[in-house]
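Top line first, the protein sequences correspond to chains A and B.
The working numbering puts the first residue of the first sequence at 1, with every later residue one more than the last.
The working numbering puts the first residue of the second sequence at 1, with every later residue one more than the last.
Source of the hints: derived by calculation from the structure; they are not laboratory data.
Note that the structure is a prediction, hence the values are computed from the model and not measured.
Honestly, I wouldn't trust all of these hints.
Unchecked claim - Here's a subset of chain A near chain B, in silico, CB distances under 7 Å, partners left out:
1) THR31
2) ILE32
3) ASP35
4) THR49
5) SER54
6) GLU95
7) ASN97
8) ALA99
9) GLY103
10) VAL106
As the list claims (entries may be wrong) - Derived DEER-like restraints, expressed as beta-carbon distance ranges:
11) B/VAL177 x A/ASN40: 33 to 43 Å
12) A/GLY81 x B/ASN29: 53 to 63 Å
13) A/ASP109 x B/LEU91: 52 to 62 Å
14) B/ILE28 x A/SER75: 36 to 46 Å
15) B/ASN168 x A/PRO102: 30 to 40 Å
16) A/GLY43 x B/ASN29: 46 to 56 Å
17) B/ASN43 x A/PRO88: 52 to 62 Å
18) A/PRO88 x B/ASN168: 48 to 58 Å
19) A/VAL147 x B/ASN183: 49 to 59 Å
20) B/ASN183 x A/THR140: 23 to 33 Å
The beta-carbon is built from N, C-alpha and C at its ideal position, and this holds for glycine as well.
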Amino acid sequence: MNYKESKQVLLALFITMIMMATTIFTYGQTTINPDTVCINAVGEQYFVTNTPTSTYQWTITGGGGALQTGQGSNSITVDWGGVSGLYPNAVEVIESNAAGCPGAPVLIDVYVLDLSGNPIGPFCAGDPTTPLVGNPAGGTWTGTGVVANAFQPSTAGVGNYVLTYSMAGCNTTINVIVNNGPVTGPIQHY
Amino acid sequence: MKKLLVILCLFFSLTASSQCISNQSFWINPVGPYQPGQVVTVNYTLGTFTQLNVNWIIAFQINLGAGWTNLQPIITPGNPGGSAGYWLWDLQNTYPSGLNFGPGWRFVNTGFNPDWGTASTGPFTMRFSATVDQTCTADNLSISMNVFGDCLTGGWWNGSCCNDPAFNIYNGVVQIVNPITSNINHY
Chain A
1 MNYKESKQVL
11 LALFITMIMM
21 ATTIFTYGQT
31 TINPDTVCIN
41 AVGEQYFVTN
51 TPTSTYQWTI
61 TGGGGALQTG
71 QGSNSITVDW
81 GGVSGLYPNA
91 VEVIESNAAG
101 CPGAPVLIDV
111 YVLDLSGNPI
121 GPFCAGDPTT
131 PLVGNPAGGT
141 WTGTGVVANA
151 FQPSTAGVGN
161 YVLTYSMAGC
171 NTTINVIVNN
181 GPVTGPIQHY
Chain B
1 MKKLLVILCL
11 FFSLTASSQC
21 ISNQSFWINP
31 VGPYQPGQVV
41 TVNYTLGTFT
51 QLNVNWIIAF
61 QINLGAGWTN
71 LQPIITPGNP
81 GGSAGYWLWD
91 LQNTYPSGLN
101 FGPGWRFVNT
111 GFNPDWGTAS
121 TGPFTMRFSA
131 TVDQTCTADN
141 LSISMNVFGD
151 CLTGGWWNGS
161 CCNDPAFNIY
171 NGVVQIVNPI
181 TSNINHY
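Produce the entire structure from the sequences given, and follow the hints as far as they go.
In structure tokens, the structure reads:
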């Protein structure tokens, strides 16, 4: 590849990047369908690209969702309920232009996520490594003594620990205790 | 039979052509089609008004389809060599003949009889604007112009009136635009 060819490849790459950026800005889509929210989440913001002369009618269905602010505008906030699950078409918006002509409804499914972690312990300092189990599976554990989604009492040492299970921006915690082993005195002889 | 058909065709041809009005022209800006909220300007000129049987010109009536709103005068027609009086922008007027006029310009003769019109034969140039109504239906956006002589309005009775057809300026309907909404995003 000579210098001219390299220049053309670079130019094509640059144009592709510009087009990708333009697509993102034009359609603004960054949220994957279904959208995921944490159980009992409050003030979750949903929005579409704003057209100043338009009005927007939002409808929240299922998931214990309740529209809090922004009805009529391109951006709203929603509080979600305490029942986890997948709620099809949970968020809907219909845009009307200045003439009052409605556009096609735009919808998004919402998955209300309820994380939990199986309790473990209490441990003794020398106990073996124990796998950490979160529900639903697929999240990540963090905290003192956590190595590769498993708890190592020997690494953590004696103490009380809060371990966190995280997925899709949601968190839950469990408490783990590592106790001292018994301290045995010297053997006595009467 | 053939001769009769030729005579009939000639008759209808003559009656369909203008009796008093000639050299009409216009421009319209912007050129259609039109969407709700658009403001459109029309400039119309009547080159010559022929005074058949001393029938004087008295009114320019603007005919608008239902899709138009906010009709506004911009340039009032002149009165070259005409009678004393003025062109009045009027939305509605009932003439002595019962002719229901409006909207448009009508001449008020201040010299003899207010319903006589003006002795001017033109040219007459006028301009107006109208706005496409906010609508979600394909409403009619036609624009045409009627020119009346005082023989039609009852100001003057002297033989056959000229009754020229409306001059067509625009034909079309509102172009409906439905919004296209982006996908929903969540922060």
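Hints, one by one, checked against the model:
no.	hint	in the structure
1	THR31	holds, 4 Å
2	ILE32	violated, 9 Å
3	ASP35	holds, 5 Å
4	THR49	holds, 4 Å
5	SER54	holds, 6 Å
6	GLU95	holds, 4 Å
7	ASN97	holds, 5 Å
8	ALA99	holds, 4 Å
9	GLY103	holds, 4 Å
10	VAL106	holds, 5 Å
11	B/VAL177 x A/ASN40: 33 to 43 Å	holds, 41 Å
12	A/GLY81 x B/ASN29: 53 to 63 Å	holds, 57 Å
13	A/ASP109 x B/LEU91: 52 to 62 Å	holds, 55 Å
14	B/ILE28 x A/SER75: 36 to 46 Å	holds, 40 Å
15	B/ASN168 x A/PRO102: 30 to 40 Å	holds, 34 Å
16	A/GLY43 x B/ASN29: 46 to 56 Å	holds, 50 Å
17	B/ASN43 x A/PRO88: 52 to 62 Å	holds, 57 Å
18	A/PRO88 x B/ASN168: 48 to 58 Å	holds, 53 Å
19	A/VAL147 x B/ASN183: 49 to 59 Å	violated, 40 Å
20	B/ASN183 x A/THR140: 23 to 33 Å	holds, 28 Å
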